[in-house]
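Residue-level listing of the chains:
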Amino acid sequence: MTMDTNLEKTSPARGFRGAINRRTVLDLALIAVGIAAFFIFPDNLGFMTRVLIMIIMVLSLDLVLGYAGVATLGHAALFGTGAYGAGLFAVYISADPLLGLLVGAIAGAIIAFVSGLILLRANGLTLLMLSIAVAQVLQEIVNGERWLTGGSDGLLGIDMDPILGIYAFDFIGRTGYWYALIVLIVVFIFLKIIVASPFGLVARGIHESPERMRAIGTPVYWRLVGIYTIAGGIAGIGGALSAQVTELVSLESLGFALSAEALIMLILGGLGRLYGAIFGTVIFMTVHHTAASIDPFNWLFVIGAMVLLVVYFVPEGFLGLPQKLRKHLGLGK
Amino acid sequence: MSVLSGILIDGFSYGMILFMISVGLSVTMGLMRVINLAHGGFALLGGAAAHWLTTGIGLGYFVAVPLAVLMTVLIAIAMERVLYRKIYQFTELQQVLATIGITFLMIASVNYLLGSTILAIQIPAAFTASIDLGFRTLPGHRLVVIIAGLLIAAGLYVLLERTRFGIQLRAAVDNRNMAASLGINTVKIYGLSFGLGAGLAAFGGILGAELLPIDAYYPLRYMVLFLVVVAVGGMGSIAGSFFAAIGLGIIDTAARYIVPEYGTIFFFIAMMLVLTLRPRGLLGKA
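As given, the protein sequences belong to chains L and P, one line each in that order. What the first sequence shows, in the numbering used here, is residues 1 to 333, in sequence order. What the second sequence shows, in the numbering used here, is residues 334 to 619, in sequence order.
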């Protein structure tokens, strides 16, 4: 069974204090890497900012899939709604970035709540199909309302005000990078708290056995809707960041390809541990970036092979590699 | 009136294409319980092979098409042996991911061998001519597609209801373990039906090349369509795929004629309605 290898998953929650004590060293190391990257790769700020934004989206997917066990191929619906919400807010009402983040979060959460009511009644293939359908329908609506959203040309004309009135966005992307990094750190801390809380345990319980959760009185459906809504808010924040930093929102932010890529990134990294989202996204996007610049046509070979290798040989993803290696080399457990 | 008949004819032929490509997926999903997102790849392989045989080598259409279908079937059976046997054991999510990975490899291979432009298939002149049915003329190609689709549907019916293979297949779909304990060689049935489904997908892809142009990214672009047809029709049900394909084909075509700005929205809304009311699809057995 998985009891030995998933100590983190089966330990009792220790609430707020528990979230801070465990793994704090790794967290600090990751933050240090994030800060250092700014100085080590000053010419790649745009790319690295996109990585940070994708990490937020994949973290939100991890909450839904890794913790609550809901398999969805429509996560872009939540991300893209946040993007368009924040983008439209910036163009028509106010270009304040922090307010825009809030708008993106609320937009994502609302769409997640409404679609979750339908989606979470189903499971398996039906849920997968419905999740795809929701994203497609949203994409078609946005495409249809060209006058408002720019349709397939994308939403342009987003001109962000300085953050807190002080830090203006610049061409090179310095402000954008720090902005995204700080938002990511806040989101990550928030998720760690959620995941270690009783609410997070309920999610894991539902993942492992909905019937038993019902037997102890948990309103499974409504907890799932709640988790999905929170994840929607986080994905919406990611979308809002994307709109603000790139000053453009395109139809692709609601697209199936984005949902599929997020899923692949999460699996590459490993489900249900939050760190998997970080590693998986960094690995995938870095490979994509380098492979695409070497040979833009054949990088699909690389990705296809990577996905197959992970699914067939290391299903726990990158985070499961140390254990796999240890077993094969005969050390430790 | 002519708009209506236009919608019906185009919708019907579009539906036939969807049916031919999706029916194999419905059987695979109902029989092996595998969510095979790579199924569209077989349509791609068939179309790519047909393109290469007609344009690259110069074979005639009526020789190239069966040959292309045969090539796809052989590749599919090999893939089933090597890759899919392990996929049967996976969880749903792992199946989705594994088959996405396989799809990427298929796309990359076609891209590598034949490039990323549209792979046109030269159809014989007879197909492009307009045929006068008395009340309406229509392009010969549409008529061919409709007739082919009806023949395939009829052929599948005969196969399922009147042959030994058919009854074994139906038994395996209804209850795998019971069928195996009754002595039915389920492994062989899986392989054969996988190959059959792939062959039908290849055939549908080739015939449908006018409506759904074939290029290396074909599986990703249209995979959602085939999944929708299967989900709405019900996994494991050939009749379900037929009615779902026709119905969705007509709805989508009608929407494109009447409200083109909204594209495929009605297609997906129809799907959401059906799945919310009948989660197993119209005639689902799984």
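A hint or two may mislead.
[Claimed, not checked] According to the in silico footprint, chain L covers these stretches of chain P (three or more CB under 8 angstroms from chain L):
(1) 394 to 406
(2) 479 to 489
(3) 560 to 571
[What the hints assert, rightly or not] What follows is a list of derived Cβ distance ranges for each label pair:
(4) 591/P / 146/L: 50 to 56 angstroms
(5) 290/L / 339/P: 48 to 54 angstroms
(6) 220/L / 546/P: 42 to 48 angstroms
(7) 124/L / 476/P: 35 to 41 angstroms
(8) 514/P / 146/L: 57 to 63 angstroms
(9) 185/L / 389/P: 38 to 44 angstroms
(10) 156/L / 389/P: 40 to 46 angstroms
(11) 208/L / 487/P: 29 to 35 angstroms
(12) 330/L / 414/P: 28 to 34 angstroms
(13) 451/P / 291/L: 22 to 28 angstroms
(14) 159/L / 459/P: 35 to 41 angstroms
(15) 157/L / 480/P: 36 to 42 angstroms
(16) 215/L / 400/P: 42 to 48 angstroms
(17) 459/P / 157/L: 32 to 38 angstroms
[Said to hold, decoys possible] On the chain L side, residues computed to face chain P include the following (Cβ under 7 angstroms):
(18) 122
(19) 132
(20) 216
(21) 314
Don't read these hints as lab results, they were simulated from the structure. This one's a predicted model, so the numbers in the text were calculated from it and none came from an experiment. By construction, the Cβ of each residue, glycine as well, lies at the ideal position given by its N, Cα and C atoms.
Hints, one by one, checked against the model:
no.: 1; hint: 394 to 406; result: violated (count 0)
no.: 2; hint: 479 to 489; result: violated (count 0)
no.: 3; hint: 560 to 571; result: holds (count 4)
no.: 4; hint: 591/P / 146/L: 50 to 56 angstroms; result: violated, 18 angstroms
no.: 5; hint: 290/L / 339/P: 48 to 54 angstroms; result: holds, 50 angstroms
no.: 6; hint: 220/L / 546/P: 42 to 48 angstroms; result: holds, 45 angstroms
no.: 7; hint: 124/L / 476/P: 35 to 41 angstroms; result: holds, 39 angstroms
no.: 8; hint: 514/P / 146/L: 57 to 63 angstroms; result: holds, 60 angstroms
no.: 9; hint: 185/L / 389/P: 38 to 44 angstroms; result: violated, 55 angstroms
no.: 10; hint: 156/L / 389/P: 40 to 46 angstroms; result: holds, 43 angstroms
no.: 11; hint: 208/L / 487/P: 29 to 35 angstroms; result: violated, 48 angstroms
no.: 12; hint: 330/L / 414/P: 28 to 34 angstroms; result: holds, 32 angstroms
no.: 13; hint: 451/P / 291/L: 22 to 28 angstroms; result: holds, 25 angstroms
no.: 14; hint: 159/L / 459/P: 35 to 41 angstroms; result: violated, 59 angstroms
no.: 15; hint: 157/L / 480/P: 36 to 42 angstroms; result: violated, 52 angstroms
no.: 16; hint: 215/L / 400/P: 42 to 48 angstroms; result: violated, 59 angstroms
no.: 17; hint: 459/P / 157/L: 32 to 38 angstroms; result: violated, 53 angstroms
no.: 18; hint: 122; result: holds, 6 angstroms
no.: 19; hint: 132; result: holds, 6 angstroms
no.: 20; hint: 216; result: violated, 25 angstroms
no.: 21; hint: 314; result: violated, 12 angstroms
Of the hints listed earlier, those the structure fails to meet are numbers 1, 2, 4, 9, 11, 14, 15, 16, 17, 20, 21, in rising order.
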